[in-house]
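Chains F and C supply the protein sequences, listed in that same order. Those letters in the first sequence? Residues 1 to 540, per this note's numbering, in order. Those letters in the second sequence? Residues 1 to 540, per this note's numbering, in order.
Heads up, a few of these hints could be off.
With a cut-off of at most 30 Å between alpha-carbon atoms, the simulated BS3-like pairs for lysine-lysine come out as follows [what the hints assert, rightly or not]:
no., chain 1, residue 1, chain 2, residue 2
1, F, K462, C, K537
2, C, K76, F, K447
3, C, K365, F, K447
4, C, K370, C, K310
5, F, K462, C, K231
6, C, K254, C, K500
Hint data in this document are derived by calculation from the structure and do not stem from the laboratory.
Protein chains: 2
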Amino acid sequence: MNFIDFDKLSSFATLKNLARSPFDLRRPSVLSFRSRLSDYTIFSEPFELNYGFQRVDDEILSALQAMADEAGLIDKFMAMKQGEVLNYIAGVESENRQVLHTACRDVFRDTPDCLQAAAEAREQLQLLKGFLHDLDSGRLLNEQGQAFETMVQVGIGGSELGPRVVCQALETYARPGRKVRFIANVDPGDASAVFADIDISRTIFNVVSKSGSTMETSTNEAVVRQALREKGLDPARHIIAVTGKGSRMDDKNKYARIFYMFDYIGGRYSVSSMVGMVVLGFLLGYEQVMEFLAGAHRMDVSAEERSIEKNIPLMMAMLGIWNRNFLDSSSLVILPYSQALDSFVSHIQQCDMESNGKMVSRQGKMVSWKTGPIVWGGVGTRGQHAFYQLLHQGTEEFSLEFIGFCRSQTGYDLEVEGTTLQEKLLANMFAQARAFAEGQDSANPNKFFPGNTASSILLADKLTPETMGALMALYEHKIVFQGFCWSINSFDQEGVQLGKKLAVDILRNIETSRCGRHDGCHNERTRGACWIELMFKNQA
Amino acid sequence: MNFIDFDKLSSFATLKNLARSPFDLRRPSVLSFRSRLSDYTIFSEPFELNYGFQRVDDEILSALQAMADEAGLIDKFMAMKQGEVLNYIAGVESENRQVLHTACRDVFRDTPDCLQAAAEAREQLQLLKGFLHDLDSGRLLNEQGQAFETMVQVGIGGSELGPRVVCQALETYARPGRKVRFIANVDPGDASAVFADIDISRTIFNVVSKSGSTMETSTNEAVVRQALREKGLDPARHIIAVTGKGSRMDDKNKYARIFYMFDYIGGRYSVSSMVGMVVLGFLLGYEQVMEFLAGAHRMDVSAEERSIEKNIPLMMAMLGIWNRNFLDSSSLVILPYSQALDSFVSHIQQCDMESNGKMVSRQGKMVSWKTGPIVWGGVGTRGQHAFYQLLHQGTEEFSLEFIGFCRSQTGYDLEVEGTTLQEKLLANMFAQARAFAEGQDSANPNKFFPGNTASSILLADKLTPETMGALMALYEHKIVFQGFCWSINSFDQEGVQLGKKLAVDILRNIETSRCGRHDGCHNERTRGACWIELMFKNQA
């Protein structure tokens with residue numbers, strides 16, 4: 001695969017030049033805004049993207065299209081879906097794997113992009129269908145012959161964030177009497193808070209780790225087994241697993257069921273694999289799983305469009321690059337106007353920052369351009385009363401991505417003082433996009449708003465399983481397109497290794513020096529000093 | 001009060017000069033790290049701060065002390081506590097108010113800093129004591145003579161975030177049978193999800209708004225009243241209020257109780273007023289409220305120390321300025337290694353970014369220096385599996401604040417493979433601080449870690465009400481010190497007004513053009529266009 005250094009692309013120079021006079025959002029009259037906003041819209045069901053509040057014009061958009069073409073983003077994306085090894089860095093030891101999360105939902109047509117991976121996905125879905133049926137039909141019950149009412153997923157990183165976000169977003173569609181919880185953190189308070197909130201005898205635990213050796217997850221699995229035994233319950237009856245074939249968890253004697261995830265699916269891209277679909281299936285049912293996957297698959301197909309004006313994730317990727325590399329925006333703020341997406345940002349943080357927070361190019365050289373931005377944010381309107389002050393009148397540069405839905409998810413609504421809650425919610429979203437763009441002049445400097453903060457608006461009718469599948473896929477592809485364009489490997493995460501290694505050193509020092517430590521740690525004057533000693537013990 | 005432009009301070013030039021060669025954390029041997037880390041520690045019960053992993057040496061620390069002195073930070077802080085009008089901008093229309101959140105906990109001594117505000121705080125605490133006693137003794141019951149088991153706080157911004165964070169952090173100490181929930185967002189899904197989770201007949205709602213006219217809060221109050229009436233319940237029996245004296249909510253016929261908050265307490269600084277203490281008292285009891293306040297008050301007093309080496313919030317403020325203004329760190333990452341502090345960052349985001357996300361100086365001029373940074377983060381070890389990749393190997397500059405506790409909050413723990421969960425948790429925190437500082441050389445560029453990322457470590461024995469009170473106060477003071485130093489007004493929030501105003505315009509357009517809109521909004525091709533029309537209706 002041909003990767004070109006980002007700053008060697010000929011479109012890089014063109015864009016650098018155009019960036020001297022980006023489109024001025026404070027300038028246009030209301031009238032021209034109106035036509036910009038209508039023109040700069042992409043429809044790709046179930047979403048529409050409005051990018052009229054971005055600092056672009058037709059010339060800049062052409063240059064962004066040229067960059068997408070020159071960097072071969074669509075060709076690389078197709079190759080990825082077809083199973084080419086794209087998780088690699090040339091010339092150095094790297095993971096050297098395929099990247100096939102899209103195969104998890106390529107289960108709706110006779111000629112999928114990658115036959116083998118799609119077949120494996122189908123097989124796991126059949127197992128899931130059987131599992132969910134066994135729960136419903138009473139083949140899988142607890143010791144007292146009762147149905148399981150709670151699933152607790154034990155996993156961290158990709159095995160927690162995506163699945164948690166999807167379950168929270170769709171909780172309103174939960175089957176009566178079903179709930180899900182998550183244990184992720186090695187903090188003992190995480191597990192104990194969950195235990196306080198469930199009836200453990202009616203709980204099935206889903207332990208999720210591809211390697212089978214994630215420290216937090218195997219520790220929390222031990223905690224769960226202990227808790228079950230203390231209640232006289234049989235762990236082999238209450239625990240299922242999602243893991244890699246042949247991992248140390250791949251043991252049918254220890255788990256009531258085992259689902260597989262595969263080497264070619266990275267943790268942060270794994271929500272549509274069994275990592276996310278087992279727990280979502282437990283909560284909503286198998287049909288809703290298939291709707292979620294159908295929404296994702298539809299986005300997978302529409303992301304093949306070569307024209308940025310027809311491809312939402314590609315357009316969002318290129319606008320992100322324009323803001324990041326040419327207009328010096330140091331962070332991307334994601335603002336869903338939907339309480340159900342309260343933790344959506346935490347998933348995108350992981351997916352984006354772990355994928356594109358890189359400083360080594362595909363050629364194994366230090367990059368000389370900015371890669372992934374800080375990604376943060378939070379739901380509106382709550383954020384308006386929290387951090388928007390700094391966005392409007394602070395001293396940093398940002399770009400914004402709004403996400404909204406025309407109709408309320410539950411159908412529940414009320415008219416208060418002339419308009420409904422949902423109308424108030426969306427009115428605020430559009431008003432903010434406009435305020436960020438236009439700013440406000442004032443004789444009072446404290447009422448001056450500089451404006452020219454770029455935003456996109458993603459809009460769909462309603463947050464359903466299908467919409468949520470599409471939204472997750474949309475961001476996956478946006479991130480992958482950006483990684484291809486920056487010529488970095490968006491599929492490994494070497495940066496998480498060093499801290500892990502140093503933690504193991506400290507833990508070994510604790511084990512070999514039991515006495516003294518506990519006194520030290522609990523003596524108010526030497527707590528930190530005690531840990532510092534542990535950190536450097538046995539070193540020069 | 002004498003405010004000097006930040007870049008006119010003579011220490012500014014000194015620090016600019018020193019920033020050419022900040023302390024290199026990759027250089028010191030293990031041995032010197034060990035002594036740095038012990039030397040660079042401040043004890044201020046219940047916390048200790050370790051700043052050995054900051055890019056400072058004694059010379060830089062002296063210059064930071066000189067800046068704190070020159071900018072008169074402690075004098076201004078004392079004046080604030082004593083009731084001087086410090087919420088102002090010279091020469092322009094501004095709020096012109098006192099800033100007296102510290103008075104809420106200045107209730108433990110005969111000579112408080114500000115007599116009148118402390119007396120008002122005491123009076124509210126007496127009312128709270130009576131209210132909580134009435135709940136316990138059965139004087140306040142529901143229609144069926146049952147005790148209230150749930151309190152739902154209805155509020156947004158400071159009326160939600162601080163109170164929610166404190167309740168979550170201390171939930172493990174909850175009185176049996178008591179729980180709290182929050183409704184903040186105008187999204188109808190927020191209220192309906194809470195209703196699905198409570199027994200409304202046994203719920204008391206606490207509506208919190210200083211002005212009594214916050215759009216989200218009055219809308220959600222209407223939703224709550226409607227829900228109560230639908231169940232045949234009496235709103236005046238189920239709703240209490242925290243509001244400003246004389247606000248449109250200050251009506252004893254509408255609420256079972258009314259508590260007051262005062263003009264001199266800003267929303268984001270209001271957690272220790274009735275805004276936070278009514279709901280915390282409901283959850284934990286009055287004694288725990290007093291412990292929380294005692295912890296905060298203790299920090300208020302220790303923050304009077306003039307020496308940065310004895311004053312944790314002052315030291316953190318000055319280190320933050322060093323990183324932000326002299327070492328070009330664009331964001332501050334807060335990393336509590338405590339699951340109970342899962343949403344702590346969202347409160348600090350508000351408190352910091354709404355206070356210091358400003359571009360106008362105390363003299364009413366546009367600033368020419370950077371003010372408040374982006375504040376984000378998340379709990380460890382979960383974040384390690386999410387966004388740490390970018391922190392270790394991305395292309396941005398950060399500084400980090402770790403927060404840890406020696407002992408688990410619940411007492412629950414387990415030894416797994418030689419060490420307890422709490423030990424694994426803290427070992428990871430210290431290992432990360434070291435990894436960020438030292439980095440790692442490697443022949444494989446993908447295993448290279450540049451290091452030199454500065455961090456502080458805040459450590460306490462255990463997360464109790466007292467510790468939590470101290471932690472909230474600590475960050476309040478850190479933020480206030482930075483605002484004084486940057487010569488900005490940390491106490492207003494003009495930046496939230498423009499979006500509100502534009503939202504009201506859109507809502508008025510909806511009211512006056514009922515027909516057409518709904519069709520438009522639900523027609524898949526014109527959803528966004530429809531909102532755009534509404535946004536610009538009646539304009540040129």
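Verification of the hints:
Taking the CA atoms of F/K462 and C/K537, the gap is near 25 Å; set against the 30 Å cutoff, the hint holds. For the hint pairing C/K76 with F/K447, the CA-to-CA distance comes to about 25 Å; that is within 30 Å, so the pair holds. Of the supplied pair hints, the one linking C/K365 and F/K447 holds, its CA atoms being roughly 12 Å apart against a limit of 30 Å. A threshold of 30 Å between alpha carbons decides the hint, and for C/K370 with C/K310 the separation of about 27 Å falls inside it, so the pair holds.
For the proposed pair F/K462 and C/K231, the alpha carbon gap of about 29 Å is at most 30 Å, so the pair holds. Between C/K254 and C/K500, the direct Cα distance comes to roughly 27 Å. Compliance with the 30 Å bound is thereby established for this hinted pair.
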